[in-house]
Amino acid sequence: MSQETLRIQKISAHAGTVPGEDTQRQYTVCKLIDTTTCIGCKACEVACMEWNDLPFGETIFGNTYQTMPETRWNYWNLILFNEHEREDGTLMWLMRKNQCMHCAEPGCLAACPSDGAIIQYTNGIVDFQQDKCIGCGYCITGCPFNIPKFNPQTKRVFKCTLCTDRVSEGLEPACIKSCPTGCLHFGSKDDMKELAETRAKQLREHSNFPHAGVYDPPGVGGTGVIYVLHDATQPEIYGGLPKDPHIPWSVRLWKGPLKWLGNAAMIGGLIGLFVHYLRFGPKAREEEDLVPHEGKQP
Amino acid sequence: MSHQEQLLPHGHILRYAFHERLIHWVAGFSYLYLLVTGLAFWSPWLFWLAVILGGAPVSRMLHPWIGLIFVGGVLQMYNMWASQMHMTAVDKAWWGSMRYYITNQDEKMPPAGRYNAGQKFLFWGFFLCAILLLLSGVVLWFPEYIPWSLRWLRYAAVLTHASAALLTIGLFLIHVYMGVFAERGAFGSVIRGDVSEEFARRYHPGWYKEIVESSTPRK
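Residue numbers (the working numbering), protein chains in the order written: chain S, 1 to 298; chain V, 299 to 517.
Derived from the structure by calculation, the hints contain no laboratory data.
Even glycine gets a Cβ: it sits at the ideal position worked out from N, Cα and C.
No incorrect hints appear here.
Okay, the calculated beta carbon distance ranges per label pair: (1) S:Gly269 to V:Trp346: 13 to 23 Å; (2) V:Val474 to S:Thr23: 41 to 51 Å; (3) S:Gln202 to V:Gly353: 48 to 58 Å; (4) S:Gly281 to V:Gly353: 33 to 43 Å; (5) S:Asp244 to V:Met385: 41 to 51 Å; (6) V:Trp323 to S:Glu21: 41 to 51 Å.
Please model the complete structure; the sequences and the hints are all you need to start from.
Now the structure itself:
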């Protein structure tokens with residue numbers, strides 16, 4: 001939900017400039033998830049539902065440590081579980097807390113046709129405004145992470161807000177507060193990036209994870225949620241984290257060149273027809289066509 | 299309807315029967331609604347169009363249903379007219395002489411039948427686009443039911459729906475221009491149903507000849 005104290009830097013489908021843009025600078029906030037110290041306890045899942053007052057839905061037991069197959073409109077925070085076999089034959093239990101990534105260049109916002117239904121605050125949080133949502137689901141198409149979920153009753157789309165209401169009051173998101181192992185951190189993007197790189201270096205140099213690294217995909221301009229992975233060369237093994245996420249090219253084509261081409265063609269077509277009429281006029285004068293044969297003047 | 303019945307008193311010829319006019323306007327009015335609400339979703343600068351039509355959520359809800367009516371109208375047109383829309387040798391010649399048609403030198407045009415080549419192009423263009431709009435529209439109607447593994451369907455649908463809609467807008471603009479402004483009398487033919495003999499002779503000589511030759515002269 002919107003918080004008046006937060007400044008806005010991007011508005012979906014907004015004709016004209018963003019009011020108050022660049023009048024205030026804020027730290028870009030960031031959530032750091034260290035998958036190497038996550039134990040899959042799901043305290044963050046519970047904290048998310050508690051704080052955001054979401055009703056608990058039915059879980060789906062699939063013989064793993066995962067609560068359900070994917071996030072729902074009323075379940076924004078889900079630990080994805082994968083039993084991964086390494087090259088030397090040993091097993092790893094990979095846990096990844098999955099939620100909205102709060103992209104710097106959000107595909108949902110680019111695809112949205114409703115003025116102000118998706119906004120990005122100056123601190124980087126991407127938030128849905130359900131009172132302006134029209135339920136078209138274009139955000140579902142625009143998102144490279146499969147995050148926005150549709151509520152069939154209200155016909156509105158929901159996702160993680162990064163606890164906008166808490167952050168605007170100087171608190172950390174609910175999931176961060178609940179984490180018992182300290183694998184979740186919250187702060188400015190620069191600080192989190194530095195902490196993540198330090199941890200990745202530690203994993204590479206002292207813990208026999210030579211491919212450990214930080215996931216902050218540049219294809220979407222970087223994200224407001226970054227991961228430390230044991231193996232940053234294979235993000236897919238962490239519950240299908242995309243290796244190089246982008247706004248889908250068809251969405252970019254649709255909202256970019258096709259829009260300008262289409263607008264030019266429509267306006268050009270209207271002008272062309274008008275000029276044609278000025279130059280050539282109707283094919284025959286009205287009276288020649290409409291007056292009955294017998295009534296025609298000699 | 300026999301050709302004899304198409305000859306009306308006072309030098310008029312029936313061009314469109316009641317059911318043809320009715321279906322045309324079912325498709326026509328539903329298309330207008332789809333055009334206006336579609337443009338509202340197309341551009342932020344036109345979003346107000348949806349607001350004056352009862353709000354964008356209402357437009358989002360009704361657009362697919364009106365779309366079904368439109369596709370129904372187009373399919374009914376296919377049933378009525380597809381058999382008359384095959385390209386003939388005269389049509390090819392007509393298409394080749396398009397420059398005379400555009401510059402209003404209609405006397406230099408090959409004799410068109412009931413439909414000239416341009417009208418046939420319009421018909422098939424709208425028919426094809428309606429099919430594409432229907433297929434992509436169903437995906438856009440229920441994007442939340444498309445599983446992540448089939449997300450390419452959503453990607454294809456947003457592009458197809460917008461592209462096909464733009465093509466119909468091109469066809470629509472020319473159709474309205476021809477019917478209302480260029481060929482005076484054409485608009486009346488799809489409202490009242492009849493055209494003057496002058497109109498039939500000038501724009502559809504083949505069709506006019508066919509009717510006159512297979513009818514007994516009027517008293």
